[in-house]
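Colleague: Sequence:
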Amino acid sequence: MAEFSDLMQFCQVAMSVTDMRRTHRWYQSTFGYLPAGGTVFTGDDVSRVQDLPDVNTTAWWMVDQQEFFQLEMFQYSHPSPRVSAGRGPQDIGYAMIGVHVTDFDATLRRLRITGGRPLTLPIGRPGARRLCLRDPEGVLIEIMEDNAPTTTITRPGVPVATRFVTLSVFDLEEARQQWLDAFDLEEDDAGALHHAEHEALWGLRGARRRTSVLRAGDRMIELVQYLDPPPNPRPAGYRISDQGLLNIAMGSRSQSTTERAWERLGRYCGEGNFLDLGGAGAVGYTTDQQGFSIELLAANPAWDDVKGFQPQPSNTAPGP
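Under my numbering, the letters of the sequence shown match residues 2 to 321, in that order.
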């Protein structure tokens, strides 16, 4: 088995938000994520990598209890993000984030304070309860009381761990082959993450779907093809800067490992754009055949404190 540094990990969830301060504060107050600094992205290199015109955006990062994982929030001043409205969890795109919380009841109490509105009552037996809600930007979040075995806990005092992301895809087999081949992932039992009764949590009771669950390090990528209700495509003119989940990043501590994965992913994606960051690592964005933006990241651990993989005081992030 390869060393951890040589594996491609699911290491980041990125989202485009319309109110950075509100959303960042909500994730801290509700779940206990920690601020991890931020930066401003602008200029030709950023526009080329993200394939967006004249990018000017602020990014803030957050970390949970796990090593080499972050939430990344972008607030774009250009291009202006379009506000998402009326899209369901079955519609094509990055659909949902799943988080494990160490104290389910304490999380429910915090939700009442921070204004989170669960879509239903919790379901499941004590110790394995589940609940869904939307964050202030409309992103669907599943809260899980149970947790898969985790080997990379480095902040045991942090009460939250990001466990999975769900992609609603047009073609399950095509997506499955791409993710398995490009990143050498392991396939889990599709029933290990969700069962039919869980559809009620996000308002799709009785839905029919086909699923593949892929393990990427300690986190999972859930690929779902909805048969009923049928999914809607992305809105015409969609850009990754539009409000909502933007992409996920697959990353490694080894730049050569990331570059090899970039080459394999190229069999399934457009040309994409890859940028060497010198001693800090490298980053690339590409779009697959079903329209999903995917980021690849080589992250030198010596730069973790300035690249958002270590907690930082809130005042180290530039204002949006």
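Derived from the structure by calculation, the hints contain no laboratory data.
We put the beta carbon where it would ideally sit given N, CA and C, even for glycine.
Incorrect hints may have been included.
Distance windows between CB atoms, simulated [claimed, not checked]:
no.: 1; residue 1: 49; residue 2: 239; range: 17 to 23 Å
no.: 2; residue 1: 211; residue 2: 238; range: 25 to 31 Å
no.: 3; residue 1: 120; residue 2: 57; range: 33 to 39 Å
no.: 4; residue 1: 216; residue 2: 288; range: 20 to 26 Å
no.: 5; residue 1: 49; residue 2: 237; range: 21 to 27 Å
no.: 6; residue 1: 79; residue 2: 104; range: 39 to 45 Å
no.: 7; residue 1: 41; residue 2: 292; range: 36 to 42 Å
no.: 8; residue 1: 288; residue 2: 207; range: 45 to 51 Å
no.: 9; residue 1: 126; residue 2: 152; range: 24 to 30 Å
no.: 10; residue 1: 46; residue 2: 121; range: 22 to 28 Å
no.: 11; residue 1: 26; residue 2: 126; range: 31 to 37 Å
no.: 12; residue 1: 271; residue 2: 44; range: 19 to 25 Å
no.: 13; residue 1: 114; residue 2: 57; range: 33 to 39 Å
no.: 14; residue 1: 110; residue 2: 302; range: 31 to 37 Å
Colleague: If a hint holds in the structure, say so; if it doesn't, say that too.
Modeller: Do the hints match the structure? See the list:
Checked against the hint of 17 to 23 Å, the C-beta distance between residue 49 and residue 239 comes to roughly 19 Å, which is consistent with it. A beta carbon spacing of about 29 Å between residue 211 and residue 238 agrees with the range 25 to 31 Å that was offered as a hint. Remark: the range hint 33 to 39 Å for residue 120 to residue 57 is upheld by a beta-carbon distance near 35 Å. Taken as a hint, the range 20 to 26 Å holds for the pair residue 216 and residue 288, whose Cβ atoms sit roughly 24 Å apart.
One distance hint, 21 to 27 Å for the beta-carbon pair residue 49 and residue 237, holds here, with the actual separation near 24 Å. The hinted range of 39 to 45 Å is satisfied by residue 79 and residue 104, whose Cβ atoms lie roughly 41 Å apart. Roughly 28 Å separates the CB atoms of residue 41 and residue 292, a value that falls outside the hinted 36 to 42 Å. Distance hint check for residue 288 and residue 207: the Cβ-Cβ separation is about 33 Å, which falls outside the suggested range of 45 to 51 Å.
With their beta carbons about 26 Å apart, residue 126 and residue 152 fall inside the hinted range of 24 to 30 Å. Taking the beta carbon of each, residue 46 and residue 121 are about 45 Å apart, not inside 22 to 28 Å as hinted. At about 33 Å, the CB distance of residue 26 to residue 126 agrees with the hint of 31 to 37 Å. Take residue 271 and residue 44: their Cβ atoms lie about 22 Å apart, and the range 19 to 25 Å holds.
Restraint check, residue 114 to residue 57: a C-beta distance of roughly 34 Å satisfies the suggested window 33 to 39 Å. Roughly 36 Å separates the CB atoms of residue 110 and residue 302, a value that falls within the hinted 31 to 37 Å.
Going through the hint list in order, the structure does not satisfy hints 7, 8, 10.
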